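Enquirer: Chains as they are written, first to last, in the numbering used here: chain A, 1 to 77; chain B, 1 to 662.
None of these hints come from the bench; they were simulated from the model. A quick note: this is a predicted structure, and the numbers were derived from the prediction, not measured. We treat Cβ as the ideally placed atom computed from N, Cα and C, and that holds for glycine. One thing to keep in mind: the hints can contain errors.
Across the chosen pairs, the derived CB separations fall in these ranges [claimed, not checked]:
#	chain 1	residue 1	chain 2	residue 2	range
1	A	Glu24	B	Gly30	53 to 61 Å
2	A	Gly39	B	Leu382	39 to 47 Å
3	A	Val19	B	Lys227	47 to 55 Å
4	A	Gly23	B	Arg91	33 to 41 Å
5	B	His231	A	Gly39	43 to 51 Å
6	B	Leu448	A	Leu41	24 to 32 Å
7	B	Ser252	A	Glu24	49 to 57 Å
8	B	Asn80	A	Gly23	53 to 61 Å
9	A	Ser15	B	His231	16 to 24 Å
10	B	Pro435	A	Ser15	25 to 33 Å
11	A	Gly23	B	Leu459	42 to 50 Å
12	A	Gly23	B	Gly660	41 to 49 Å
13	A	Val19	B	Asn53	30 to 38 Å
14	A	Glu24	B	Ser8	38 to 46 Å
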Amino acid sequence: MTEPKTLNHLPIGASGRVVAVNGESRITRRILEMGIIPGVLVQLVKSAPFNDPIEVSVRGYRLAIRRSEAAAIEVAI
Amino acid sequence: MASTPAHSLTIALAGNPNAGKTTLFNALTGLKQKVANYPGVTVERKTGRWQLNGHAADLIDLPGLYSLDATSLDEQIARNVITGEQKGVKRPDVVVAVVDATNLERNLYVVTQLFDFKVPVVVALTMIDVFEKHDHEINVEKLSQMLKTPVVAINAKSGRGIKELANEVRKAAEQGESKAPAFDDADETAGPHAKIFARYSFIAKAVQESTKHNDTQKLRISSKIDKVLTHKFFGLVILVAVLLIVFQAIFSWATVPMDLLEQGFGGLSALVKENMPPGILTDLISDGIIAGVGGVVVFLPQILLLFLFISLLEDTGYMARAAFLMDKLMSKVGLHGKAFLPLVSSFACAIPGIMATRTIENKRDRFATIMVAPFMSCSARLPVYTLMIAAFFAGQTIFGFISVAAVLMLAMYTLGIAVAVIVAFILKRTVLKAPPPPFLMELPEYRLPNLRTVLQNMLTRAWLFLKRAGTVILAISILLWALMYFPRDLSPAQPSTVPTVESSQADAGGEPTEDVAKESEQLKQSFAGRLGHTIEPVIQPLGFDWKIGVALIASFAAREVLVSTLSIIYNVGKDADAESTTLVSAIRDAKRDDGRAVWTPLTALTLMVFFVLAMQCMSTLAVVRRETNSWLWPLFMFGYMTAIAYGAAFLTYQGGRMLGFE
Numbered sequence: 001m002t003e004p005k006t007l008n009h010l011p012i013g014a015s016g017r018v019v020a021v022n023g024e025s026r027i028t029r030r031i032l033e034m035g036i037i038p039g040v041l042v043q044l045v046k047s048a049p050f051n052d053p054i055e056v057s058v059r060g061y062r063l064a065i066r067r068s069e070a071a072a073i074e075v076a077i
Numbered sequence: 001m002a003s004t005p006a007h008s009l010t011i012a013l014a015g016n017p018n019a020g021k022t023t024l025f026n027a028l029t030g031l032k033q034k035v036a037n038y039p040g041v042t043v044e045r046k047t048g049r050w051q052l053n054g055h056a057a058d059l060i061d062l063p064g065l066y067s068l069d070a071t072s073l074d075e076q077i078a079r080n081v082i083t084g085e086q087k088g089v090k091r092p093d094v095v096v097a098v099v100d101a102t103n104l105e106r107n108l109y110v111v112t113q114l115f116d117f118k119v120p121v122v123v124a125l126t127m128i129d130v131f132e133k134h135d136h137e138i139n140v141e142k143l144s145q146m147l148k149t150p151v152v153a154i155n156a157k158s159g160r161g162i163k164e165l166a167n168e169v170r171k172a173a174e175q176g177e178s179k180a181p182a183f184d185d186a187d188e189t190a191g192p193h194a195k196i197f198a199r200y201s202f203i204a205k206a207v208q209e210s211t212k213h214n215d216t217q218k219l220r221i222s223s224k225i226d227k228v229l230t231h232k233f234f235g236l237v238i239l240v241a242v243l244l245i246v247f248q249a250i251f252s253w254a255t256v257p258m259d260l261l262e263q264g265f266g267g268l269s270a271l272v273k274e275n276m277p278p279g280i281l282t283d284l285i286s287d288g289i290i291a292g293v294g295g296v297v298v299f300l301p302q303i304l305l306l307f308l309f310i311s312l313l314e315d316t317g318y319m320a321r322a323a324f325l326m327d328k329l330m331s332k333v334g335l336h337g338k339a340f341l342p343l344v345s346s347f348a349c350a351i352p353g354i355m356a357t358r359t360i361e362n363k364r365d366r367f368a369t370i371m372v373a374p375f376m377s378c379s380a381r382l383p384v385y386t387l388m389i390a391a392f393f394a395g396q397t398i399f400g401f402i403s404v405a406a407v408l409m410l411a412m413y414t415l416g417i418a419v420a421v422i423v424a425f426i427l428k429r430t431v432l433k434a435p436p437p438p439f440l441m442e443l444p445e446y447r448l449p450n451l452r453t454v455l456q457n458m459l460t461r462a463w464l465f466l467k468r469a470g471t472v473i474l475a476i477s478i479l480l481w482a483l484m485y486f487p488r489d490l491s492p493a494q495p496s497t498v499p500t501v502e503s504s505q506a507d508a509g510g511e512p513t514e515d516v517a518k519e520s521e522q523l524k525q526s527f528a529g530r531l532g533h534t535i536e537p538v539i540q541p542l543g544f545d546w547k548i549g550v551a552l553i554a555s556f557a558a559r560e561v562l563v564s565t566l567s568i569i570y571n572v573g574k575d576a577d578a579e580s581t582t583l584v585s586a587i588r589d590a591k592r593d594d595g596r597a598v599w600t601p602l603t604a605l606t607l608m609v610f611f612v613l614a615m616q617c618m619s620t621l622a623v624v625r626r627e628t629n630s631w632l633w634p635l636f637m638f639g640y641m642t643a644i645a646y647g648a649a650f651l652t653y654q655g656g657r658m659l660g661f662e
């Protein structure tokens, strides 16, 4: 395992395992409730035309998430 | 079979958005549905009757939810319904949890939350055919064992499992208690989110034991489609094409039935006039009521068409992609990606556009979109622009080849968009200020649309418009008619306030027939005519006289009414259209008391600017009232838009004069 980085810095197509979801806000809670919790595998599928938001594959479904929100998700490649 | 239950059952339908909840609800209730708002809020309450193997039950469709944590209004209401705290709704005997088999883990999350309420739950497993087509296997019995909850695989379209679902629901209602595990004692001291982790580890185990994935490497069809539809370049091209089709439909195809409706109501109105004795009652029926009803019904083609497209786009899964593509652009002004389509639709007409904002879940995002939608230049403004351009800018060019008319049109559309952007920016930082809501939006699998769901949604929206907005529009139509109709006394009540009556007839140049002259005279004497005089000092700084004032008041019914009102007031008969040469010359020839022309190119431009920005559409206000469930928002909209319109028109006119234009 390499050093953890945040989901928004993952290259397109790369996968990683979630290490932590930082923060205490409503957004943090919602990210967790959507199934992005430590230990789960996530893949950055693509980014939208203006580079934001990004499409993430998690638990067999696709989720669009803004880069600012993805910055709270730490992943290990 | 058990004996008849002592009371009629109440059953709630819960589940994630896109799980097939609406399709199941439609299949269970048929056409007998009631859509209303929960009291005091904009959350929609959908109810119907479900024939549960011979016994009717009340079925409540809860809003589509990812969680029951009560962080949003939808979640709060759903929670209240389930616990029986929601006023006017009976505590459900059973909750049917709709779960998408292709997305089991996340869909089960909300089910584990339902367990906490100790309400009997029956899981309805949808999309199972898709799941199996992808070479996955699911053991429904095993899943039911793991969840300690009945699970029924269903297909709403083919009817598979519906009977079994009814049986399980009745059984669960009779038992009245749930054996499912509750998570309300999860150790929160282990961290603020321990409960979420506990739920997901329970789910992961249940799913692992009950499913088999034989070929996970198979590329999903949705991913293939998305390679094109959310492509950085082609995705945008296709989005523009889709919008063009939608736009074409509501802007152009809808005009055919709209014209027919208008002619129909016009004919009906004439028929009443011919066959009833002349008098106030006849005029009220033909010019007030029939014209008012016509003014409501005429919006139906646009609303039906737009909702046909919106339902199709939602049902197939494309809507989320459109929001994904446009979110960056929209978020720059603080709006959600999903605001894009409603705003574009508003170029045809703000009414279906505002109704379309229902797809935006967050209330503040939705209200901000509603508040700026009327700035998009709608089709009703076109006759006004056309008339002004025909009268003062026709045939002119810049540098010999750019048509002034085209430049002005473009400028009007751009002005509307620019002001909308500024207002949205300000609203999101003031009145509608809030921490940004999570964007987190599911990109559901593409799916063939369910025709029944699409049609039902379309008809529901049209009916809601007629019922809620229609009544308000009709009432205001009759009020406006009365303002222009009364008082009937033709002898001038206050001769001193209408000194221009004689000169105005001379202004028009032509020789008006007696009827036309009488009609014109009547309007000038009416309450609306007097109101025109009353507001004259206010609109004078914009270069408008009292006759334009009357036309402004009348155009509150609908913007295009400006043209017919000007025609009446300038004695050319109300049937003149925006390109009528008599109306154009009457406008050019109109004089003020001191002999100066009323209209100059500058006045025309000022009027156009005013029309871009002013809230002159009672129908829009009626729809805003319905969509925000309050009179406060439409009044606020009317107030601030009128203020902006006045300010901009003032700057245009006074600025133009300072630059030396007349």
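Enquirer: Report the numbers of all earlier hints that the structure fails to satisfy, in ascending order.
Expert: When the structure is compared with the hints, numbers 1, 2, 3, 5, 8, 12 and 13 turn out to be violated.
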